[in-house]
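> Next come the chains, spelled out residue by residue.
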Amino acid sequence: MATSDNEIIVDDPDAPDSASPSVVSARSVNIAVYLVLLALSVLLAYDNWQTGMGWAPEGPEAGYFPFYLSVMMGAASIYGLGIALWQTAGADESFVSRDQLRRVMQVFVPTLLFCLLTQWLGMYVASFLLVAGFMRFVGHIALWKSLLTAAIFSIAMFVTFDVAFDVIMPKGPLEAFFGY
Amino acid sequence: MEAFGLLFHGFTVLLTGKTLVLMVVGLVLGIFVGVLPGLGGPNGVAILLPLTFTMDPTSAIVMLSCIYWGALFGGAITSILFNIPGEAWSVATTFDGYPMAQQGRAAEALTAAFTSSFIGSLTAVLLITFLAPGIASFALRFGPPEFFAVYLLTFCSFVGLGREDKHKTIISMALGLLLAGVGMDTVSGTLRMTFGLNELLRGINFLVAVIGLFGISEILLTMEERLALRGHAASISLRVVLKVWRELPRYTMTLVRSSVIGCWLGITPGGAIAASFMGYNLAKRFSKDKESFGKGRIEGVFAPETAAHASGTAALLPMLALGIPGSGTAAILLGGLMVWGLNPGPLLFVEHKDFVWGLIASMYLGNVVGLVIVLTTVPIFAAILRVPFAAIAPMIVVSCAIGAFAIQNAMFDIWLMLLFGVVGYVFKKVGIPLAPFTLALVLGSRTEDAFRLSMIGAEGDLRVFWSNWLVGSITTLAIVLLFWPAIGAVLTRARTLLWPARGGSAA
Numbered sequence: 001m002a003t004s005d006n007e008i009i010v011d012d013p014d015a016p017d018s019a020s021p022s023v024v025s026a027r028s029v030n031i032a033v034y035l036v037l038l039a040l041s042v043l044l045a046y047d048n049w050q051t052g053m054g055w056a057p058e059g060p061e062a063g064y065f066p067f068y069l070s071v072m073m074g075a076a077s078i079y080g081l082g083i084a085l086w087q088t089a090g091a092d093e094s095f096v097s098r099d100q101l102r103r104v105m106q107v108f109v110p111t112l113l114f115c116l117l118t119q120w121l122g123m124y125v126a127s128f129l130l131v132a133g134f135m136r137f138v139g140h141i142a143l144w145k146s147l148l149t150a151a152i153f154s155i156a157m158f159v160t161f162d163v164a165f166d167v168i169m170p171k172g173p174l175e176a177f178f179g180y
Numbered sequence: 001m002e003a004f005g006l007l008f009h010g011f012t013v014l015l016t017g018k019t020l021v022l023m024v025v026g027l028v029l030g031i032f033v034g035v036l037p038g039l040g041g042p043n044g045v046a047i048l049l050p051l052t053f054t055m056d057p058t059s060a061i062v063m064l065s066c067i068y069w070g071a072l073f074g075g076a077i078t079s080i081l082f083n084i085p086g087e088a089w090s091v092a093t094t095f096d097g098y099p100m101a102q103q104g105r106a107a108e109a110l111t112a113a114f115t116s117s118f119i120g121s122l123t124a125v126l127l128i129t130f131l132a133p134g135i136a137s138f139a140l141r142f143g144p145p146e147f148f149a150v151y152l153l154t155f156c157s158f159v160g161l162g163r164e165d166k167h168k169t170i171i172s173m174a175l176g177l178l179l180a181g182v183g184m185d186t187v188s189g190t191l192r193m194t195f196g197l198n199e200l201l202r203g204i205n206f207l208v209a210v211i212g213l214f215g216i217s218e219i220l221l222t223m224e225e226r227l228a229l230r231g232h233a234a235s236i237s238l239r240v241v242l243k244v245w246r247e248l249p250r251y252t253m254t255l256v257r258s259s260v261i262g263c264w265l266g267i268t269p270g271g272a273i274a275a276s277f278m279g280y281n282l283a284k285r286f287s288k289d290k291e292s293f294g295k296g297r298i299e300g301v302f303a304p305e306t307a308a309h310a311s312g313t314a315a316l317l318p319m320l321a322l323g324i325p326g327s328g329t330a331a332i333l334l335g336g337l338m339v340w341g342l343n344p345g346p347l348l349f350v351e352h353k354d355f356v357w358g359l360i361a362s363m364y365l366g367n368v369v370g371l372v373i374v375l376t377t378v379p380i381f382a383a384i385l386r387v388p389f390a391a392i393a394p395m396i397v398v399s400c401a402i403g404a405f406a407i408q409n410a411m412f413d414i415w416l417m418l419l420f421g422v423v424g425y426v427f428k429k430v431g432i433p434l435a436p437f438t439l440a441l442v443l444g445s446r447t448e449d450a451f452r453l454s455m456i457g458a459e460g461d462l463r464v465f466w467s468n469w470l471v472g473s474i475t476t477l478a479i480v481l482l483f484w485p486a487i488g489a490v491l492t493r494a495r496t497l498l499w500p501a502r503g504g505s506a507a
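Quick mapping for you: the protein sequence lines, in order, are chains A and B.
Its first residue numbered 1, the first sequence is counted upward by one per residue in this note's numbering.
Its first residue numbered 1, the second sequence is counted upward by one per residue in this note's numbering.
Honestly, the hints are just simulated from the structure, not real lab data.
We treat Cβ as the ideally placed atom computed from N, Cα and C, and that holds for glycine.
One thing to keep in mind: the hints can contain errors.
[Unchecked claim] Stretch-level coverage of chain A by chain B, calculated; a stretch enters the list once three of its residues show a Cβ under 8 Å from a Cβ in chain B:
| # | region |
| --- | --- |
| 1 | 9-15 |
| 2 | 45-52 |
| 3 | 162-173 |
In isolation and in its complexed conformation, chain A is listed as follows (with noise of 0.2 Å):
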């Protein structure tokens, strides 16, 4: 075997249990998913019968097309939850568990509150609270480390961005102090 000199490990201590009760099944989601969908193609159908599906003088009018494409998808989607409603067997098979939907969350809720922020402090200012606070908080990393990290990459895309590429983001008070 390998020589234990030369391994890299690395830990997860906050990795899921794979023993982790089930939040919802797989085939709930996938009725789910087809209903929205379904929804999504009779609201998008309306909508292209509205504008026009049927043949001006020059051609096919500007609803034509899509509303084509409303009616397969829709008629895909009928297809499908039929399949899931008939299917019995798994039907008790996970979406996801409950350890699984806490680690998702913790990286959606954080990537959430940076979208809001962004409107109001600027790209930047909320990256660097993101990183900062993702790595102390999720990761459990040192404070220090998790600062200076996320002063470094923050400032880093600044200067990538705004200064060498000129690819223009949005901005907060702290730049408008700086005089950006």
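Model the placement of chain B on the given structure of chain A, informed by the hints.
What follows is chain B alone, placed relative to chain A:
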């Protein structure tokens, strides 16, 4: 040979200091992206696309395609050292690559992987060099009906040849085409599917959707899994490289077979994943010593890697010649072309010679430089995996947001990206494939335009799609492919012979 002259011209375009620097930067970023968990070829290219917005198209495509080559190389590192396939097409590489690493032959396995990647790509690039100009000049004769037929062929082959459930592929494709139609209708100027939202007037940007679907959703999926890993550090010495290269001629047949499979599956939307498995299984089937596969046989690394890379590279052929991407990443590169103001399609070879031949030349040079970089820097990249995911995840999120915002300078796009992230997460878990969606979104408006222009030309007569032998045969082929599963049922027996692993359940 005209191609040689043009290729030579391509190299002169390329050999400026700035382009070479961009190439190396692209390759390093790409390997980085390929090694990191939760990032891969399409995500990496999508996230890094905004960096290229202010560049000239040639520099931009050179850098982006190098990110792609880099990601292809990078996927092999984690497969062999950690038994974690960075990409789905690296799964087959782990079968023999990881056992080799366990036996202390990691350096050999890595050299084999990188070398065969290089050989696979090179074969596909040669194919592109000599075939693409011909196909493009042939396609110059195409009118709207022919183009619509080709688009139809692409979509039908996805439904007919894809391994996913047919209705799921259809949903994914129809949704993509529908979302591509949101906003101002390009033919009549009518607004549609905007529901009174001003932000939707511009339509739904392809790249924003891709960043959400591949970037954000991938982070969510990665977090769900156990992130612990255990593997081997390895460095490659020149002695090992030469040893592997000396053995290479013995595996000529494997390499040739895998290259051919890869090129074929790359051009048709079969993809690199299918190619790598097929390459592996065929190598095993034709081997005299079947038992030794899966226990650390070097041939088991050569075969899937060559096929995956030949396929990944060949996917660019239809993109360059016809404007039809052969893979998800090619679709994103195509999205990039449009951002830089180029019109994808056969005219590219006529109107933007510098661009096309610069790109093709960069495929040669990028693969050579990439091979040298990965062979020399493996230890550094393997060490990246020590960086905790808690530090990497938020940085990827920020990069995605920057990318989404930069495309149209719209905050709305950041929210749209988040929405697509959730959609991508659910779709992946439910089993709705994302590749047809991506393809439909990028080809949507051109497909519709081609259809409507044909209809206007033919005054609404659908027989226009069978009006001459060319368009007629493409349309017929499309319909045959759509119903391929029914036709293919007859050929199932042949298939079980090709995939002994799958047919094994019956045996």
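> All hints are to be evaluated individually against the structure, with a verdict given for each.
Going through the hints against the structure:
Requiring three or more residues with a Cβ within less than 8 Å of a Cβ of chain B, the coverage given for the region 9-15 of chain A holds, as 5 such residues are present. A stretch counts as covered by a chain when three or more of its residues have a beta carbon under 8 Å from one of that chain; for the region 45-52 of chain A and chain B the count is 4, and the coverage holds. Interface restraint, the region 162-173 of chain A with chain B: holds (6 residues with C-beta to C-beta distance below 8 Å; minimum three).
Figure legend: structure checked against the earlier numbered hints; every hint is met.
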